[in-house]
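Student: Protein chains in written order, with my numbering: chain W, 1 to 330; chain E, 331 to 683.
Wrong hints could be hidden among the right ones.
[What the hints assert, rightly or not] Computed Cβ-Cβ distance ranges for the label pairs, DEER-style:
{"#": "1", "chain 1": "W", "residue 1": "Pro-232", "chain 2": "E", "residue 2": "Lys-528", "range": "30 to 38 Å"}
{"#": "2", "chain 1": "E", "residue 1": "Leu-611", "chain 2": "W", "residue 2": "Arg-284", "range": "49 to 57 Å"}
{"#": "3", "chain 1": "W", "residue 1": "Arg-163", "chain 2": "E", "residue 2": "Ala-637", "range": "41 to 49 Å"}
Because the hints were derived from the structure by calculation, they are not lab data.
No experiment lies behind these values; they were computed from the predicted model shown.
Just so it is clear, CB atoms sit at the ideal spot from N, CA and C, and this is done for glycine as well.
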Amino acid sequence: MRICIVGAGAIGSFLAAKLGASGADVSMIARGAALAAIRANGLRMEEASGETVVQMPASEAPGDFGPQDIVVVATKAHGLASVAASAGPLLGAETQVVFAQNGVPWWYAHGFTAPGLAPGPLTRIDPDGAIWNGFGPERAVGCTIFSPNSVPAPGVVRNASVRPSTYTLGQPDGKTSPGLKAFAAALEAAGVNAPIAADIRREVWAKLLFNVATASTAVLTGATIRTNMSNPGVRAVAQALMLEAIAVAASHGFDVAADVAAMTDPQTRPNHKPSMLQDFEAGRRMEVDPILSCVSDFAKAAGVSTPTLDVILPLVRAKARTAGLYGDAA
Amino acid sequence: METCEHCLARFVRRVGGVNGEVHEAMRICVFGAGAVGSFLAARLAAAGLDVAAVARGPHLAAIQADGLQLEEAAGTIHARLTATDDPSALGPQDAVIFTTKAHSLGTAAALAQPLIGLETALVFAQNGIPWWYAHGFAAPGLDEGPLPLLDPDRAIWDGFRPERAIGAVIHSPNTIVAPGVVRNAANRPAGLPLGEPKGGASPTTVKIAAALEAAGVRAPILPDIRREVWSKLILNIAGAPGCSLTGASVRGMLEDPGVSALSAAIMAEGVAVAAAHGFLLDVDIAANTDPTRWPDHKSSMLQDLEAGRLMEIDPIVGCPHAFAKAAGVPTPTLDIVLPLLRQRARTAGLYSA
Numbered sequence: 001m002r003i004c005i006v007g008a009g010a011i012g013s014f015l016a017a018k019l020g021a022s023g024a025d026v027s028m029i030a031r032g033a034a035l036a037a038i039r040a041n042g043l044r045m046e047e048a049s050g051e052t053v054v055q056m057p058a059s060e061a062p063g064d065f066g067p068q069d070i071v072v073v074a075t076k077a078h079g080l081a082s083v084a085a086s087a088g089p090l091l092g093a094e095t096q097v098v099f100a101q102n103g104v105p106w107w108y109a110h111g112f113t114a115p116g117l118a119p120g121p122l123t124r125i126d127p128d129g130a131i132w133n134g135f136g137p138e139r140a141v142g143c144t145i146f147s148p149n150s151v152p153a154p155g156v157v158r159n160a161s162v163r164p165s166t167y168t169l170g171q172p173d174g175k176t177s178p179g180l181k182a183f184a185a186a187l188e189a190a191g192v193n194a195p196i197a198a199d200i201r202r203e204v205w206a207k208l209l210f211n212v213a214t215a216s217t218a219v220l221t222g223a224t225i226r227t228n229m230s231n232p233g234v235r236a237v238a239q240a241l242m243l244e245a246i247a248v249a250a251s252h253g254f255d256v257a258a259d260v261a262a263m264t265d266p267q268t269r270p271n272h273k274p275s276m277l278q279d280f281e282a283g284r285r286m287e288v289d290p291i292l293s294c295v296s297d298f299a300k301a302a303g304v305s306t307p308t309l310d311v312i313l314p315l316v317r318a319k320a321r322t323a324g325l326y327g328d329a330a
Numbered sequence: 331m332e333t334c335e336h337c338l339a340r341f342v343r344r345v346g347g348v349n350g351e352v353h354e355a356m357r358i359c360v361f362g363a364g365a366v367g368s369f370l371a372a373r374l375a376a377a378g379l380d381v382a383a384v385a386r387g388p389h390l391a392a393i394q395a396d397g398l399q400l401e402e403a404a405g406t407i408h409a410r411l412t413a414t415d416d417p418s419a420l421g422p423q424d425a426v427i428f429t430t431k432a433h434s435l436g437t438a439a440a441l442a443q444p445l446i447g448l449e450t451a452l453v454f455a456q457n458g459i460p461w462w463y464a465h466g467f468a469a470p471g472l473d474e475g476p477l478p479l480l481d482p483d484r485a486i487w488d489g490f491r492p493e494r495a496i497g498a499v500i501h502s503p504n505t506i507v508a509p510g511v512v513r514n515a516a517n518r519p520a521g522l523p524l525g526e527p528k529g530g531a532s533p534t535t536v537k538i539a540a541a542l543e544a545a546g547v548r549a550p551i552l553p554d555i556r557r558e559v560w561s562k563l564i565l566n567i568a569g570a571p572g573c574s575l576t577g578a579s580v581r582g583m584l585e586d587p588g589v590s591a592l593s594a595a596i597m598a599e600g601v602a603v604a605a606a607h608g609f610l611l612d613v614d615i616a617a618n619t620d621p622t623r624w625p626d627h628k629s630s631m632l633q634d635l636e637a638g639r640l641m642e643i644d645p646i647v648g649c650p651h652a653f654a655k656a657a658g659v660p661t662p663t664l665d666i667v668l669p670l671l672r673q674r675a676r677t678a679g680l681y682s683a
């Protein structure tokens with residue numbers, strides 16, 4: 001099957017390297033220094049088990065590759081509209097597109113109803129419907145990621161985990177097309193866990209409630225997750241945020257009730273900074289809307305009270321905006 | 331004791347005052363000549379008072395070499411005064427005005443002893459809730475004694491003794507623009523209202539108030555300086571954490587409707603805590619969270635954070651929050667914001683506790 005990865009950030013580079021190393025037919029859409037490095041030297045992956053260099057076709061022009069069986073879009077959520085505008089040549093009638101973003105996905109309301117949820121694109125992350133109309137939600141495959149990767153240099157990806165990474169996949173309608181099944185098999189063959197979820201939205205929420213609590217507090221304190229959870233006051237705020245996210249998920253019909261005490265136990269939390277704080281410190285646009293604002297919007301629409309998020313979200317948004325790293329600033 | 335009396339007598343001299351009247355010059359030491367302290371020292375020196383400053387670092391070196399320069403709208407004052415980092419070089423004073431930050435007072439209590447004689451007036455000009463707050467004052471859940479957040483080991487309480495404290499609230503915006511140079515940005519006369527913890531006006535308090543007035547600093551002696559503390563604190567209790575957590579100016583922060591709303595909520599919580607302590611503040615919260623009414627500058631707490639200075643979290647936010655808990659006043663917004671603010675400061679190595 002023909003697979004094209006769009007975006008040479010941490011997730012895109014990891015998937016491309018893994019799939020390429022396993023012999024899959026994979027190409028990359030990349031730009032700038034990453035594209036130059038991949039063309040010159042191939043894509044280098046550093047793992048606990050060793051280093052691999054993978055050669056693969058790379059271009060910034062989707063027209064160079066033509067229609068694919070699977071496209072994986074691994075840009076940030078706020079980069080999706082411009083990908084939608086340019087990805088046409090990669091999309092054939094049967095092409096499915098896997099969206100590997102953090103937070104609430106743009107296709108969330110496709111074939112799904114919840115109290116107060118309007119059908120169609122989410123105004124917060126797809127205000128003019130450019131993503132919705134550009135890709136079409138029928139092609140979408142959701143994906144939640146447990147895969148700690150970083151890009152130490154252009155064309156180089158480092159995976160910090162000793163365990164296999166997990167990319168949980170699922171169509172918005174809960175069905176499994178032959179193409180999706182084949183893609184999951186390709187990932188498994190490449191050493192990546194790729195379960196197909198019966199309800200990918202539930203997977204989104206299960207991860208999101210952790211991100212809501214840890215990303216927002218980390219952005220405001222500047223501390224790692226473990227440091228924050230070691231501070232009883234901050235931990236209490238994080239737990240309150242988790243419970244609010246769980247309540248919002250419940251209003252959408254998802255029981256993701258979790259042991260918030262265990263989830264905020266500093267002993268079991270990684271001593272690293274969440275990606276939203278990393279983005280802030282590196283001067284990259286922050287994923288405030290998909291991770292926080294959408295949850296708040298859902299809560300307001302469904303009449304769920306989120307007193308803690310109501311305090312935290314404006315502070316995070318103002319911090320991002322002040323740094324020029326919020327959607328309406330950059 | 332004799333030595334102290336001797337020193338006091340030796341340094342009292344007679345000079346012409348600002349309006350030509352003759353009064354006794356006090357020996358005044360400004361302890362911790364940062365922005366506010368330097369302003370006061372320059373004004374007092376310019377009024378002919380015998381002023382010494384305890385300062386540190388390049389600012390001290392500049393004052394020693396070239397004197398203190400105070401830039402004001404009305405003109406620039408060049409003041410020559412004694413400056414040192416060693417209080418024992420100065421001997422007992424008629425008055426010591428402590429303008430250090432609250433978290434330095436424990437150290438100051440030890441260092442300042444050579445300045446303190448039997449009659450020395452001790453004026454404390456810090457931001458937020460002062461260390462002597464619970465002296466001679468009853469409020470729900472508040473006991474006589476040092477405040478755990480400000481004075482955990484009683485070094486301030488025992489070092490100065492609250493019966494001797496004169497509270498002061500700073501109404502004077504100053505910045506150190508270069509070593510030895512302080513700029514006053516006020517469009518109103520500077521104010522340093524004073525008050526004793528038990529509400530009296532002892533001769534020492536009257537004397538230092540007169541000296542400040544002679545220096546053009548309005549220094550009324552208030553029946554309860556705590557009310558004045560609260561009135562000023564309520565304006566900072568939201569802006570300080572809001573700016574520090576977002577990095578925005580006060581105006582910038584309030585321009586965000588969500589942050590403006592939570593600032594109003596924090597102010598209302600502060601008003602409720604003050605009320606639990608018997609102070610019914612007349613605060614127009616809507617006006618005070620209107621961004622157009624605030625200058626586009628950063629709260630001093632954010633300035634401290636950005637400059638790598640210890641942040642005054644406990645005097646401005648922590649103590650009111652602790653008072654609320656003790657008095658059973660709900661503070662749902664502060665409950666969220668304060669731990670984040672403390673961790674923000676800790677992450678930067680700028681939390682004192």
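Student: All hints are to be evaluated individually against the structure, with a verdict given for each.
Tutor: Hint check results:
In this structure, Pro-232(W) and Lys-528(E) meet the distance hint of 30 to 38 Å, their C-beta atoms being roughly 37 Å apart. A beta carbon spacing of about 43 Å between Leu-611(E) and Arg-284(W) contradicts the range 49 to 57 Å that was offered as a hint. Checked against the given bound of 41 to 49 Å, the beta carbons of Arg-163(W) and Ala-637(E), roughly 43 Å apart, stay inside it.
Violation of the numbered hints given earlier is confined to hint 2; every other hint is satisfied by the structure.
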